[in-house]
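In order, the protein sequences belong to chains B and Z. Using my numbering, you'd call the opening residue of the first sequence number 1 and step up by one each time. Using my numbering, you'd call the opening residue of the second sequence number 120 and step up by one each time.
Think of the hints as simulated: they come from the structure by calculation, not from any bench. For glycine and all other residues, C-beta sits at the position ideal for the given N, C-alpha and C. Among the hints, erroneous ones may be present.
Said to hold, decoys possible - Chain Z regions said to be covered by chain B (calculated; three or more residues, Cβ under 8 Å):
1. 130-137
2. 159-171
What the hints assert, rightly or not - Calculated pairs, BS3-like style, for lysine-lysine (alpha carbon to alpha carbon, straight line, at most 25 Å):
3. B/23 <-> B/59
4. Z/158 <-> Z/221
5. B/12 <-> Z/221
6. B/43 <-> Z/221
7. B/59 <-> B/19
8. B/23 <-> B/12
9. B/43 <-> Z/225
10. B/12 <-> B/43
11. B/13 <-> B/43
12. B/19 <-> B/43
13. B/43 <-> B/59
14. B/23 <-> Z/225
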Amino acid sequence: ELQLVQSGAEVKKPGESLKISCKGSGYSFTTYWIGWVRQMPGKGLEWMGIIYFGDSNTKYSPSFQGQVTISADRSISTAYLQWSSLEASDTAMYYCAGARNGNYFWDVWGQGTTVTVSS
Amino acid sequence: EIVMTQSPATLSVSPGESATLSCRASQSVRRDLAWYLQKPGQSPRLLIYGASTRATGIPARFSGSGSGTEFTLTISSLQSEDFAIYYCQQYHSWLTFGGGTKVEIK
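Based on the sequences and whatever the hints tell you, model everything.
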């Protein structure tokens, strides 16, 4: 069974860059889509984008297109979410989630990475 | 973008009673609908997919129904661990979550 482990909490200043990670283990990662979900403090869940590990095909939610970059390194079974210039409004919990290719319901979740952006 | 609307926003239920949560899509999503549970401080957990299929390890007291634009999640005989926030999510056209329903102890 696939397991996802995310990188630790981050505290950054506005304008700084950041790359957080989501490492998979226990299953063939290449047959999975990995998605990123944002949860702002006290709010609901929002899809940011997804990447297919088999060929790195990436799709973004319109709200996040151009705001973040999703990538993956198949050699180490790790997906990434990165920002080039953080804003205070990026303060949130970020979850990665996994779905087997052909399905788009997400049955594996990482533990979440808290990102705090404050001057 | 397909908009998912959940109701009610908050549902107060006594332990042992049943709860019915609703999810409406702004256009048909056929049966491409999943339900998730999120407890405070935890990651979401998949409960239901394909509108009515329970995910691995999910107790039979959770049941999903519906198709097209109207969906329901029913939790029979609520247990203490069921008090949480529930989200529906369509995956027919891209991915969108509903705003969530908080099930709280009455």
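Do the hints match the structure? See the list:
1. Closer than 8 Å: that is the beta-carbon criterion, and the stretch 130-137 of chain Z has 0 residues meeting it against chain B, so the requirement of 3 is violated.
2. For the stretch 159-171 of chain Z, the assignment as covered by chain B holds, since 6 residues bring a beta-carbon within under 8 Å of that chain's beta-carbons and 3 suffice.
3. Taking the CA atoms of residue 23 of chain B and residue 59 of chain B, the gap is near 19 Å; set against the 25 Å cutoff, the hint holds.
4. Simply put, residue 158 of chain Z and residue 221 of chain Z have alpha-carbon atoms about 10 Å apart, close enough for the 25 Å limit, and the pair holds.
5. At roughly 31 Å between alpha-carbon atoms, residue 12 of chain B and residue 221 of chain Z are farther apart than 25 Å, so this suggested pair is violated.
6. With a CA separation close to 12 Å, the supplied pair residue 43 of chain B and residue 221 of chain Z stays within the 25 Å bound.
7. Pair hint residue 59 of chain B plus residue 19 of chain B holds up; C-alpha atoms about 18 Å apart against a cutoff of 25 Å.
8. Annotation: proposed proximity of residue 23 of chain B to residue 12 of chain B holds, straight-line Cα distance about 22 Å (limit 25 Å).
9. Pair hint residue 43 of chain B plus residue 225 of chain Z holds up; C-alpha atoms about 22 Å apart against a cutoff of 25 Å.
10. For the hint pairing residue 12 of chain B with residue 43 of chain B, the CA-to-CA distance comes to about 21 Å; that is within 25 Å, so the pair holds.
11. A distance of roughly 22 Å separates the Cα atoms of residue 13 of chain B and residue 43 of chain B; the hinted pair therefore holds under the 25 Å criterion.
12. With a C-alpha separation of about 23 Å, the suggested pair residue 19 of chain B and residue 43 of chain B falls inside the 25 Å cut-off, and the hint holds.
13. A hinted pair counts as satisfied when its Cα atoms are at most 25 Å apart, and residue 43 of chain B with residue 59 of chain B qualifies at roughly 23 Å.
14. Restraint check: the Cα-Cα separation between residue 23 of chain B and residue 225 of chain Z comes to about 40 Å, which exceeds 25 Å; the hinted pair is violated.
Figure legend: structure checked against the earlier numbered hints; hints not met, in rising order: 1, 5, 14.
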